[in-house]
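*Asks:* Below, each chain spelled out in residue letters.
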Amino acid sequence: MATQKTEGRPHTAALSAEPAIELVGISKAFGPVQANKDISIRVMPGTIHGIIGENGAGKSTLMSILYGFYKADAGEVFIRGQKTEIPDSQAAIAAGIGMVFQHFKLVENFSVLENVVLGAESGARLMPSLSKARKLLIELAREYELNVDPDALIEDIGVGMQQRVEILKALYRQADILILDEPTGVLTPAEADHLFRILEGLKAQGKTIILITHKLREIMEVTDTVSVMRRGEMTATVKTAETSPEQLAELMVGRKVLLRVDKKPAQPAATVLDVQNLSVTDEDGVQRLKDISLNVRAGEILGIAGVAGNGQSELLNVLGGIMPGTGRVELNGESIDLTGKFSDGQSRRERGIAHVPEDRQRLGLIMDFAAWENTIFGYHHDPAYQRSSLFMNNDAIRAETALKMQRFDVRPPDPQLKAKSFSGGNQQKIVLAREIERNPDLLLVGQPTRGVDIGAIEFIHQQIVALRDQGKAILLVSVELDEIMSLSDRIAVMFDGHIMGERLPSETDEKELGMMMAGMGEGA
Amino acid sequence: MDYQVILQILDSTLRLATPLLLACLAGLFSERAGIFDIGLEGKMLIAAFFSAAIAATTGSVWIGLFAGISASVALAMLHGLASITFRGDQLISGVAINFLAAGLTVLISEDWFQQGGRTPQLAGAARFNPIDLPFADTFSVVPILGPIYKEVISGHTILVYAALLAVPLTWYVLFRTRFGLRLRAVGENPGAVDTAGISVTRLRYTAVVICGILCGLAGAYLATGFAAGFVKEMSAGRGFIALAALIFAKWRPWQALGATLLFGLLDALGTRYQNIEVIGFNVPVQFMQALPYILTVVILAGFVGKAIPPRAGGAPYVKER
Amino acid sequence: MDTLPRWADVILIPVINLVLALLVSGLVVLYIGENPIEAIKILLNGAIGSTRGWGYTLYFATNFIFTGLAVSIAFHARLFNIGGEGQAAIGGLGVALVSLSINWPHWAVALPFAIIGGAVFGAAWAAIPAYLQARRGSHIVITTIMFNFIASALLVYLLVNVMKVPGSMAPETAAFPKGTNLPNAYQVLGWFGIPFNKFAPLNIAFLLALVCCVGVWALIWRTRLGYQLRAYGHSESAAVYAGISPFRITMIAMLISGGLAGLMGINAVMGEAERLVIDSVQGAGFVGIAVALMGRSHPLGVFLAAVLFGILTQGGIELEFEIPAVSREMILVIQALVILFTGALENMVRAPVERLFQRRKKRSS
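Residue numbers (the numbering used here), protein chains in the order written: chain A, 1 to 524; chain B, 1001 to 1321; chain C, 2001 to 2365.
Only chain A is shown next, with the shape it has when bound in the complex (with noise of 0.2 Å):
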């Protein structure tokens, strides 16, 4: 190990064959969950280096730690060769670290000049700080084409504008080792690409940069070099030339990985959902979805795929009551409400629509009801669970509750322990138990196997097309290409709240749908 003090701060690879950061049998424990075992890594400075890995392999419990987020348990970090201590924040921004976190850390009403300054003014009064900053800032977004306006507040930009702010937070504080965290998840893929072209600057001024992400692709496309995590570990560390994407999914889930779902040829019969120019426009006065129009048809799975945030989390809303809409939406050839009285997810399930959400932990479950309590969610009006008119059955309910849990492997099966102390796979078998058992004629699935364990993903990836098999319409959104690539019987592919075009998973592949995710295609 080399501990002689590096003078000044290297610009360019070659000159040091010190790695910039080397971390040293890094661990770390919440409780009971072990998020990071005996982690050892060196990234190399003036590359990228990508950290891959399933939700929950414990990499950004690992970035949190180098910034000083978490303290690990045991381990060392050198920075630059210099065994380095980083209690806090403040230590990680000294040691020339920067971090851009998944959930930016910007005050929404404060310019983006303010933001930037926020922590390093150059005094106790603020206008010379603030006008030292944006000359400095100014320069920055020249010199690496991170062009933004200073005065502009950060809730009127978009996200992609916001992620900019972030990096040039850390710039300001002159960081050379920059650390994204999941950086693609907001953004449209323009920007995406927009990003990683700015990032490929960064490097040719000599920057290390540490890029999180659970995406081959982008794995596979910018970093120079790519560790795989796994439960907590590090698996392996590969130059990303020599490795292949199979090779590192491979790695990520620890065994080869079942790209295609078993099931049968799809059976459509008659259309069940049929929607006719349907439009959302959100709180913020933002039109989320513009004039949609798609069907599904009974013993068929529909896929949406897209980046996040592309309007197909209001479709899922629309349609299961939680959002207004407009436009036209029938379901076995009835109208639905969608602004009125009967437009909220009570009336939805009196329909035959049940819906999975995406996010189980806000939406589909309560995290401090029990099990028994979960399972009638959103079904508690059903008369079966009625002792009387006033009074719940909750013996009756929790006898179900039981059975349900023992049907759909949910593990353990105890109706009276809270959802949150089950796992995240668990928690959606929970949900699943309870939408798919109601024997709806459409199942809204958003995300069925996010942060799911692989055990659970194939159990689950089995009930919904089982469900299909059964005869039932079941539509799919899902960013996760491949799961839409393996379930789905048709797939649309939803972009800026447009539908880009509709495929058969037999007459498409990845790089034709990427194309229409990124807008391009033969357009709505």
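Take every hint as true, because none was put in to throw you off.
DSSO-like, lysine-lysine: derived pairs with alpha carbons at most 27 Å apart:
id: 1; chain 1: A; residue 1: LYS239; chain 2: A; residue 2: LYS83
id: 2; chain 1: A; residue 1: LYS37; chain 2: A; residue 2: LYS239
id: 3; chain 1: A; residue 1: LYS83; chain 2: B; residue 2: LYS1319
id: 4; chain 1: B; residue 1: LYS1319; chain 2: A; residue 2: LYS215
id: 5; chain 1: C; residue 1: LYS2362; chain 2: A; residue 2: LYS418
id: 6; chain 1: A; residue 1: LYS239; chain 2: A; residue 2: LYS203
id: 7; chain 1: A; residue 1: LYS420; chain 2: C; residue 2: LYS2361
id: 8; chain 1: C; residue 1: LYS2362; chain 2: A; residue 2: LYS37
id: 9; chain 1: C; residue 1: LYS2362; chain 2: A; residue 2: LYS71
id: 10; chain 1: A; residue 1: LYS511; chain 2: A; residue 2: LYS215
id: 11; chain 1: B; residue 1: LYS1319; chain 2: A; residue 2: LYS418
id: 12; chain 1: B; residue 1: LYS1319; chain 2: A; residue 2: LYS420
Sample of chain B residues lacking proximity to chain A, with all beta carbon distances greater than 12 Å (derived):
id: 13; residue: ILE1006
id: 14; residue: GLN1114
id: 15; residue: ARG1118
id: 16; residue: PRO1143
id: 17; residue: SER1154
id: 18; residue: ILE1279
id: 19; residue: PHE1287
A few chain A residues facing chain B, derived, Cβ under 7 Å:
id: 20; residue: SER89
id: 21; residue: GLN90
id: 22; residue: ILE93
id: 23; residue: LYS105
id: 24; residue: LEU106
id: 25; residue: VAL107
id: 26; residue: LEU118
id: 27; residue: GLY119
id: 28; residue: GLU121
id: 29; residue: ALA124
id: 30; residue: LEU126
It should be emphasised that the hints constitute simulated quantities derived from the structure, not laboratory data.
Heads up, the beta-carbon is just placed ideally off N, CA and C, and yes, glycines get one too.
Dock chains B and C against the given chain A, drawing on the hints supplied.
*Replies:* Showing chains B and C alone in chain A's frame:
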């Protein structure tokens, strides 16, 4: 109403607005930093008692003022402990502090003075006495403005001027200093402050202590400037009116001055007239007393502009990615 | 994950909180120069040492049950109703209006109407803050505080200008007709041949309070409405997903809350004062907050906490009588400390207890 009466009403408006203004600015610092404070009332009350009690025993109003501020800051620290360190419910903590002050002040004053929850009457150096501003008499011959200067502006205790001075000072601190930028940021998004390498805890405690100091001034003014001694429950809901004024002012210093002067005027009118005739209607004094509260509800209802509180207000900061 | 066994959560922690509050209060008594043990003896003796003591203790407890349940039910929908004081005052007005409206033949006839009067008036006073919260997002804590002050001003106005007995100086209504006077504990127990203090204010409103406890329990844990109310309280977004209307739940929770607070008038106005006086609530609305927090918003807990505060209130009055240096404001201090320890500083107590249990669990496994 003749001119003299108007001057008298304006004069008492200023005196009545002073404790409201100080408490309102106190709340402004705390809430701008994301700590809701419905315990302004309690802090004022305890400061009123300790300033009067210590002034009475030492004979010095300045020592009394210091004691009052210390007591108020102690309760502010308790609020900080509950809402910052232990991440408790800020509203519940505020409620508790109000009761604590209401109980302790009477208990201790009974123990010290046995006068039914009062302190002895303060006089001389144990009170803040009116200050005549220079040339008050000289200028008084100038028509219109002269009497305003003499009757309304001059002749108040130093705490009234301190309160007025606190307005531009608060504005400057909040919008023209590094501390102010960070304070406003921590009330909007503590995550941004934390990741920028600044301690959320220290910032919020600082804000809470400033709040305690200003509430201390407000309470001390009540017992040693406005009145001549402490009486049980003497804050009489002023902490809540200050809270109302804070919402009315949308958490801004200059507007806080406007709101507290308005509420002070209502109070002054209500004290002077038992009934007021407004275009043929007889407005009862109780209505005047309730008007600040009614106005606040109207403001909160968003019928007259929307009052948007600091976004992170009321929520303890928990680190998350 | 549930780190604490249930018994620790519902019994141990409240008891620790109470002990802490009493310890600090004991220190205050010590500071005043009195003997805290002696003080507690006097307090307990005054509160539960005689049927007279019990008669007052349970009378106060009745008030606190109503206001405690009011705060609790709003808590379940995650609404902090600080307006119990005002709602109880306006509820008292409703009870008074009903009681004075006609010459009632018998209390049993008058009581149902008075209950409706108190509940409707209390609910109405809660309705405006509830509506503003549900439709306009106005913070209910602030609006209910404001409504306390508005209620107080309104009652002063009415009692001074409108409802006062002509010619009288006292700002209070005429005494209610005889046919509205509720039987007190002396009478009711007398029916069963049980002797009781003749002048203690405990009356049949206590039974109404017990009925309300059972009713609220059933409502929250046994009915659909209660299910929806709790669901909404835990997660508004999930409630909307399930088709539960936030507007409807907010309104219903606050109306029930205000109604329960309003029922306090049955006890304090109809049962005890037998006329409407200025400030008939006497801070009971605020005590309800402490009672609800301490009772963990569970009706049984509320009942126990209300009796506890009844003991403290009545004992505090006796204490002041015996030891004038310890004034009845002592009870305010205890109340404040209970709110502080059970509400705001909960984590201070809970975290060490949780750690203790975790360590024990680890050792045993």
